[in-house]
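Novice: Listed below, chain by chain, are the residues.
There are 2 protein chains.
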Amino acid sequence: MDECIFCKIIKGDLPAKVLYKDEQVTAFHDINPVAPTHILLIPNKHIASINEIAPEDEALFGYMMTSVKKIAELTGVEKSGYRLIANTGPDANQEVFHIHFHVIGGQRMRHPMG
Amino acid sequence: MDECIFCKIIKGDLPAKVLYKDEQVTAFHDINPVAPTHILLIPNKHIASINEIAPEDEALFGYMMTSVKKIAELTGVEKSGYRLIANTGPDANQEVFHIHFHVIGGQRMRHPMG
Chain A
10 MDECIFCKII
20 KGDLPAKVLY
30 KDEQVTAFHD
40 INPVAPTHIL
50 LIPNKHIASI
60 NEIAPEDEAL
70 FGYMMTSVKK
80 IAELTGVEKS
90 GYRLIANTGP
100 DANQEVFHIH
110 FHVIGGQRMR
120 HPMG
Chain B
10 MDECIFCKII
20 KGDLPAKVLY
30 KDEQVTAFHD
40 INPVAPTHIL
50 LIPNKHIASI
60 NEIAPEDEAL
70 FGYMMTSVKK
80 IAELTGVEKS
90 GYRLIANTGP
100 DANQEVFHIH
110 FHVIGGQRMR
120 HPMG
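Line order of the protein sequences matches chains A and B.
Once you know that position 77 of the first sequence is 86 in the numbering used here, the rest is easy, because the numbers rise by one and skip nothing.
Once you know that position 84 of the second sequence is 93 in the numbering used here, the rest is easy, because the numbers rise by one and skip nothing.
Mixed in with the good hints there might be a few duds.
No copy is singled out in the list; a pair is fine if it fits within one copy or between any two copies.
Taking lysine to aspartate or glutamate and the EDC-like style, the derived pairs with C-alpha atoms no more than 20 Å apart in a straight line are [to be verified]:
no.: 1; residue 1: Lys-26; residue 2: Glu-65
no.: 2; residue 1: Lys-79; residue 2: Glu-67
no.: 3; residue 1: Lys-78; residue 2: Glu-67
no.: 4; residue 1: Lys-88; residue 2: Asp-31
no.: 5; residue 1: Lys-54; residue 2: Glu-67
no.: 6; residue 1: Lys-78; residue 2: Asp-22
no.: 7; residue 1: Lys-79; residue 2: Glu-61
no.: 8; residue 1: Lys-20; residue 2: Asp-39
no.: 9; residue 1: Lys-88; residue 2: Glu-104
no.: 10; residue 1: Lys-54; residue 2: Glu-32
no.: 11; residue 1: Lys-30; residue 2: Glu-87
no.: 12; residue 1: Lys-78; residue 2: Asp-31
no.: 13; residue 1: Lys-79; residue 2: Glu-65
no.: 14; residue 1: Lys-17; residue 2: Glu-104
no.: 15; residue 1: Lys-20; residue 2: Glu-87
no.: 16; residue 1: Lys-17; residue 2: Asp-39
no.: 17; residue 1: Lys-20; residue 2: Glu-82
Quick caveat, the hints were computed from the structure, so don't treat them as lab data.
Note that the structure is a prediction, hence the values are computed from the model and not measured.
I would like the entire structure built from these sequences, with the hints used as guidance.
Specialist: Given below as structure tokens:
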């Protein structure tokens with residue numbers, strides 16, 4: 010996916026403030042944070058949205074979930090709490106079509122969920 | 010977990026409008042929906058929050074993610090879009106300590122994420 014900005018971040022071709030990276034996932038600071046902690050956690054494999062997750066990707070997404078916990082620990086919000094959000098498609102205003110989990114914390118959530 | 014209301018729903022000891030159920034996950038309508046589609050997807054195994062997901066639970070949570078897609082299809086929001094939210098701990102106002110994924114759709118999201 011030559012044009013995908015998140016693939017470029019993974020490859021190091023676009024700058025980002027990377028918090029964590031390994032062979033399966035990359036986590037970096039959102040450039041427009043909505044809270045003191047606002048990390049984007051993405052799979053290194055390009056998958057456009059949750060609608061495109063295949064059964065063979067399940068191991069990767071299981072690892073994504075334990076990685077969410079790791080991100081919470083690295084940013085110090087595991088006890089204070091955090092919200093995980095993944096937006097899919099137009100009604101959720103998905104802007105980048107490479108799956109990303111927002112991990113948001115460091116303050117009490119101010120907005121209802123919907 | 011005798012006292013957990015979501016475990017009771019899984020066992021059928023508390024009523025819920027169940028959308029989908031199999032050996033690993035259960036999905037039912039939120040009793041206080043914030044949008045036309047508002048489903049709670051839970052693992053049948055009692056796990057309090059994302060902080061308590063162990064490496065041996067990764068397969069289950071990979072399956073949870075493909076189940077999110079299934080819920081979107083069953084409720085007809087896979088094309089229009091949907092937001093997945095999981096709240097952990099006090100700053101995110103987690104109320105039931107059995108992991109639950111909110112799948113919210115059927116209208117344009119009205120609130121910022123944080």
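Novice: State for each hint whether it applies.
Specialist: Hint check:
no., hint, result
1, Lys-26 <-> Glu-65, "neither (30 Å within a copy, 30 Å between copies)"
2, Lys-79 <-> Glu-67, "both (18 Å within a copy, 14 Å between copies)"
3, Lys-78 <-> Glu-67, "both (17 Å within a copy, 12 Å between copies)"
4, Lys-88 <-> Asp-31, "neither (24 Å within a copy, 32 Å between copies)"
5, Lys-54 <-> Glu-67, "both (12 Å within a copy, 17 Å between copies)"
6, Lys-78 <-> Asp-22, "neither (27 Å within a copy, 31 Å between copies)"
7, Lys-79 <-> Glu-61, "between (25 Å within a copy, 11 Å between copies)"
8, Lys-20 <-> Asp-39, "within (17 Å within a copy, 40 Å between copies)"
9, Lys-88 <-> Glu-104, "between (30 Å within a copy, 15 Å between copies)"
10, Lys-54 <-> Glu-32, "within (10 Å within a copy, 29 Å between copies)"
11, Lys-30 <-> Glu-87, "within (19 Å within a copy, 30 Å between copies)"
12, Lys-78 <-> Asp-31, "within (15 Å within a copy, 26 Å between copies)"
13, Lys-79 <-> Glu-65, "between (23 Å within a copy, 15 Å between copies)"
14, Lys-17 <-> Glu-104, "within (16 Å within a copy, 38 Å between copies)"
15, Lys-20 <-> Glu-87, "neither (29 Å within a copy, 30 Å between copies)"
16, Lys-17 <-> Asp-39, "within (15 Å within a copy, 38 Å between copies)"
17, Lys-20 <-> Glu-82, "neither (25 Å within a copy, 33 Å between copies)"
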